[in-house]
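Student: Protein chains in written order, with our numbering: chain H, 632 to 924; chain R, 4 to 288.
Some hints here could point you the wrong way.
Stated by the list, open to error - A few chain H positions that, by computed beta-carbon distances, are all more than 12 Å from chain R:
| # | residue |
| --- | --- |
| 1 | E642 |
| 2 | L681 |
| 3 | I836 |
| 4 | L899 |
| 5 | V908 |
As the list claims (entries may be wrong) - Examples of chain R residues toward chain H, derived with CB under 7 Å:
| # | residue |
| --- | --- |
| 6 | Y48 |
| 7 | P100 |
| 8 | F106 |
| 9 | W115 |
| 10 | T117 |
| 11 | L119 |
| 12 | E120 |
| 13 | T131 |
| 14 | A154 |
| 15 | S156 |
In short, the hints are calculated from the structure, not lab data.
In this text, a Cβ means the ideal position worked out from N, Cα and C, and glycines have one as well.
So the chains spell out like this:
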Amino acid sequence: MLQAQSLPVLERPNIYCETLGPEQFGIIQKPLTVFERVYNQVWLRKIGILIFLALGWELYGRWLDNPLLVPPFSAAVQALWHDLASGVIPARAWASIQVLMIGFASGTFLAGLLTVFAISSKLGTDFLDTMTAMFNPLPAIALLPLALIWFGLGAGSLVFVLIHSVMWAVSLNMLAGFRGVSTTARMVGRNYNLTGLRFVARILIPAAFPSILAGLKIGWAFAWRTLIAAELVFGVSSGKGGLGWYIFESKNQLNIAEVFAGLLTIILIGLVVENVVFRVIEKNTVQRWGMQS
Amino acid sequence: MPSGTSGSPAAHRGRAPDQSGQPLLDVRGVTIQYKTQEHLVTATYRVSFKVLQGDRFVVVGPSGCGKSTLLKAVGGYLNPTEGEIRLKGEVVTKPGPDRIMVFQEFDQLLPWMTVLENVVFPLKTTGTLKGKAAVERAMHYIRKVKLADFAHSYPHMLSGGMKQRVAIARGMAMEPDILLMDEPFAALDALTRTRMQDELLQLWDETRFTVLFVTHSIPEAIKLGSRILLLSPHPGQVKAEINSVPRGQEDSNEAAALGREIHDMLFADQIEEAPHAASAIATGT
Chain H
632 MLQAQSLPVL ERPNIYCETL GPEQFGIIQK PLTVFERVYN QVWLRKIGIL IFLALGWELY
692 GRWLDNPLLV PPFSAAVQAL WHDLASGVIP ARAWASIQVL MIGFASGTFL AGLLTVFAIS
752 SKLGTDFLDT MTAMFNPLPA IALLPLALIW FGLGAGSLVF VLIHSVMWAV SLNMLAGFRG
812 VSTTARMVGR NYNLTGLRFV ARILIPAAFP SILAGLKIGW AFAWRTLIAA ELVFGVSSGK
872 GGLGWYIFES KNQLNIAEVF AGLLTIILIG LVVENVVFRV IEKNTVQRWG MQS
Chain R
4 MPSGTSGSPA AHRGRAPDQS GQPLLDVRGV TIQYKTQEHL VTATYRVSFK VLQGDRFVVV
64 GPSGCGKSTL LKAVGGYLNP TEGEIRLKGE VVTKPGPDRI MVFQEFDQLL PWMTVLENVV
124 FPLKTTGTLK GKAAVERAMH YIRKVKLADF AHSYPHMLSG GMKQRVAIAR GMAMEPDILL
184 MDEPFAALDA LTRTRMQDEL LQLWDETRFT VLFVTHSIPE AIKLGSRILL LSPHPGQVKA
244 EINSVPRGQE DSNEAAALGR EIHDMLFADQ IEEAPHAASA IATGT
């Protein structure tokens with residue numbers, strides 16, 4: 632009390648200010664410098680990283696001077712160029728991609744069916760949960776011996792293991808995505824009399840699209856890995872081998888530069904799919920919709 | 004039957020002549036219970052009210068009074084354990100486009116569609132209108148909520164208030180029998196909320212739609228409502244059904260008195276009920 636009384640009373644006037652109009656400001660927006668703009672380009676930064684890695688490889692290869700262990704980058708590129716021009720790699724890559732597309736597409740389709748079944752009933756959910764718990768950790772390659780017995784030496788076995796490697800990963804992601812669709816969005820859909828498959832197609836799939844896309848990416852990577860590994864294990868089928876077989880063959884003939892050329896091809900295809908195909912899909916869907924930054 | 008003794012001219016003008024005496028929405032003795040993991044919760048107990056054509060019917064009550072649950076039941080998302088809800092004489096059993104909900108959450112707009120597509124979407128999927136007619140109707144209502152410039156923007160580019168305006172346009176474009184609004188302005192800042200309330204009233208002046216509006220804000224109820232239903236908390240029971248002050252007098256002494264009256268009615272038995280109510284809120288909402 633005493634303290635409060637002893638404090639001097641500060642007289643403060645009300646303050647009113649005039650604000651400036653926008654035309655009275657100098658700079659509101661200022662362009663970035665050239666370096667800042669170049670540095671802001673994601674693809675330029677990524678290419679920078681790639682050049683750096685290639686340089687390191689080249690220098691190490693030359694320093695080692697043992698083409699049987701690590702041929703320099705330039706030798707690998709030369710082998711790649713040679714086999715690209717002669718049509719060997721394109722044919723092998725095409726053989727791989729064909730099998731891959733069949734396996735990936737059917738795996739994704741089956742995953743979709745399984746997930747729709749899973750969200751429409753409790754039994755379906757339990758079924759998918761149990762199946763993914765059992766089969767997702769099982770490496771697809773481990774099924775290859777069985778597949779060979781069932782489907783013989785040929786594309787059939789490859790497609791079987793591919794489906795196995797794609798399906799569980801994709802359906803896990805799809806189910807997580809469907810479960811994550813907000814109650815409000817669901818209620819909005821039901822408000823417009825959407826039920827059954829129309830509800831899934833018009834509300835659930837677009838709303839869960841970020842997760843579905845992530846699942847497809849994972850599935851794609853799994854499929855690639857499984858395919859190359861399977862080809863390495865059982866090699867040529869009906870006279871036409873894929874990239875895995877190309878790598879295996881080249882190793883047997885001690886053409887190590889070609890082994891690297893095969894690996895580079897796999898990497899290049901992976902990069903194109905990731906940075907072109909999936910990028911374009913992302914840009915036109917989840918990013919445009921503001922569901923992912 | 005509301006007698007309209009308040010002498011509100013707006014409320015009278017809004018009501019279509021109702022010789023048949025049949026209300027648009029008839030809620031009779033509705034008890035709603037739902038199960039959580041551990042409890043069977045009674046959200047509302049024997050709630051009855053009637054909404055007439057052109058009403059701005061506001062349900063107000065503290066949180067945990069089951070007002071949102073009640074609105075969901077009118078929407079057809081929940082079935083009452085006792086009593087029945089009739090819209091134009093038909094018992095409500097499932098959601099339908101004759102009762103469009105406007106939610107509080109901003110994610111009620113589908114993010115993969117532009118503003119225009121969002122408004123067109125229900126028109127087309129329910130088969131109300133096709134092709135050009137649907138787009139024209141949608142644009143008409145988008146203009147009404149003053150968003151014509153943003154028709155081709157995606158929802159994530161809009162502010163919260165704009166998103167709610169789109170949701171209202173989407174609901175109104177369907178021209179439903181009744182528009183159900185679940186605290187649509189609660190997530191907005193105070194300035195935007197006031198503006199949205201004014202705009203909603205302006206829209207009502209133009210089209211005279213029937214709206215059932217749920218809020219926990221007494222001033223909002225007085226400002227927006229023509230008729231106000233008061234619910235007590237846990238479980239929700241009708242405390243009163245009263246007329247609001249005439250339009251444009253929400254700052255008058257009359258309105259202030261009404262606000263105090265509502266406040267006293269809602270919170271009279273709050274002290275003794277508080278411990279129960281607290282547990283109900285924790286599990287119920």
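Student: So which of the earlier hints does this model not fit?
Tutor: 3, 6, 10, 11, 12, 13, 14 and 15
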